[in-house]
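A.B. asks: Turn these sequences into a full structure, and let the hints steer you where they fit.
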Amino acid sequence: MKDEYTITSSTIAILPHFHPFLQTRVLEWDGEYYVKEKPFYIINNNCLHYGASYEGRREAVIHRTNYKQKTPILLSESQELIIIPTHSPEHMDCVWIMFHQIKKITSTPAGSTIVFHNGEELPLPISAEVIHQQIQKASVIHSLFCTNQMFSFSFN
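Numbering of the sequence shown is given in the working numbering, commencing with residue 1 and proceeding in unit increments.
Treat the hints as calculated values from the structure; they're not laboratory data.
One thing to keep in mind: the hints can contain errors.
Result set (DSS-like, lysine-lysine): computed pairs, CA atoms no more than 25 Å apart in a straight line [stated by the list, open to error]: (1) Lys104 <-> Lys70; (2) Lys38 <-> Lys2; (3) Lys70 <-> Lys38; (4) Lys103 <-> Lys70; (5) Lys2 <-> Lys36; (6) Lys68 <-> Lys38.
What you are looking at is a predicted structure, and each value in this text was computed from that prediction instead of being measured.
C.D. replies: Here it is in structure tokens:
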């Protein structure tokens with residue numbers, strides 16, 4: 001149990017946890033933690049920790065890509081930390097997935113399962129197609145902000 005949580009390259013996912021005192025379940029490379037803060041609060045605080053507000057990070061991505069819905073958030077350019085929401089960030093069931101931790105997505109009758117590089121599996125009630133779209137968005141964000149490659153994208 002933790003009062004606060006700092007997202008690092010070991011973070012895999014941040015999930016809502018519906019408990020009176022522990023609001024978030026965090027999956028890491030080698031275990032899991034429960035945190036008192038809500039998932040969006042953790043995301044917002046980590047944006048500030050890495051140098052900009054959540055709104056500023058979101059606006060920068062929208063400015064460069066025009067991704068206005070379920071916008072992946074670049075937490076840190078230098079550490080290449082990009083986090084992907086499964087729903088609108090305000091939605092109570094929104095799960096945040098670390099882009100660099102995803103190994104593959106499989107379709108299931110109930111939605112999809114994300115398989116991470118450490119072998120952990122996370123079933124979600126969301127189609128694999130939706131997750132793939134989010135991964136594509138995160139890939140573009142990674143190319144634009146975390147590499148020296150210069151691409152010209154038009155999303156209109």
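A.B. asks: Does the structure break any of the earlier hints, and which numbers would those be?
C.D. replies: none
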